[in-house]
Amino acid sequence: VLRSLGIPTRVITNFNSAHDTNINLSIDKYIDVSGKTLDLSEDSVWNFHVWNESWFIRRDLGSFYDGWQVLDATPQEKSKGIYQCGPASTRAIKEGHVNLDYDSSFVFAAVNADYVTWIHYSKKRKERIYSDTKKIGRFISTKAVGTNSRVDVTANYKYPEVKEISFKISYSQYKNSLMDDRKILVTAV
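Counting from 1, one number per residue, gives the positions in the sequence shown under the UniProt record's numbering.
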């Protein structure tokens, strides 16, 4: 429909697409002490998910957010009381501006959530045992114009994953902070 109105539009495919139901930017999996998966979260990871992007000028958000906008015709969650998603600026998603309207936090999580596994001991006690910051949002792609080739547009949605990090704290301090489940600031060099 948007193309028929002269609005540039393309299909986007996101592999390992997160469905973050509680918008905590984490896909949480819970297991018991024996390793059995517990049904404590509605979060999930889909093999892939497809949505559209259209090119808009964003007078409502400001020119910084002009460009490609995510529109999902098959939203799985309600937004402002109805099933809708977008238009969320890909620039906002890449920059982590998840406080904007139009579901930018939901789309951010779809491409950039952490995948976390917890041992659930009781209602009051859980322990993070695994965290993968690279699993979600892989090979975000569209079709090339005039060919059947894939164009990788991942860089429009997120910055490259950091491969090596230099810590300004000792490793033991870092390890203890993870065990305590506190957030720390880690500066990458």
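Hints may be right or wrong, so weigh each one.
Capping the alpha-carbon separation at 20 Å, the derived lysine to aspartate or glutamate pairs in EDC-like fashion look like this [said to hold, decoys possible]:
| no. | residue 1 | residue 2 |
| --- | --- | --- |
| 1 | Lys123 | Asp101 |
| 2 | Lys135 | Asp60 |
| 3 | Lys158 | Asp132 |
| 4 | Lys94 | Glu161 |
| 5 | Lys135 | Asp114 |
| 6 | Lys94 | Asp132 |
| 7 | Lys124 | Asp66 |
| 8 | Lys126 | Asp114 |
| 9 | Lys158 | Asp114 |
| 10 | Lys126 | Asp66 |
Just the calculated beta-carbon pair ranges, DEER-fashion [stated by the list, open to error]:
| no. | residue 1 | residue 2 | range |
| --- | --- | --- | --- |
| 11 | Asp132 | Ile57 | 17 to 25 Å |
| 12 | Glu95 | Ser131 | 21 to 29 Å |
| 13 | Asp101 | Ile31 | 17 to 25 Å |
| 14 | Glu161 | Trp55 | 22 to 30 Å |
| 15 | Gly6 | Lys36 | 51 to 59 Å |
| 16 | Ile129 | Trp46 | 21 to 29 Å |
| 17 | Phe64 | Lys123 | 16 to 24 Å |
| 18 | Gly96 | Lys126 | 40 to 48 Å |
| 19 | Gln76 | Lys135 | 25 to 33 Å |
| 20 | Lys123 | Arg150 | 16 to 24 Å |
| 21 | Asp39 | Arg125 | 17 to 25 Å |
| 22 | Val33 | Trp55 | 27 to 35 Å |
Just so you know, the hints here were simulated from the structure itself, not pulled from any lab data. Computed from a predicted model, the values in this text were never measured in an experiment. In this text, a Cβ means the ideal position worked out from N, Cα and C, and glycines have one as well.
Next item on the list: Please write out, lowest number first, the hints stated earlier that are contradicted by the structure.
Entry: As far as the earlier hints go, 1, 2, 7, 10, 11, 13, 17, 18, 19, 20 and 22 are violated by this structure, in ascending order.
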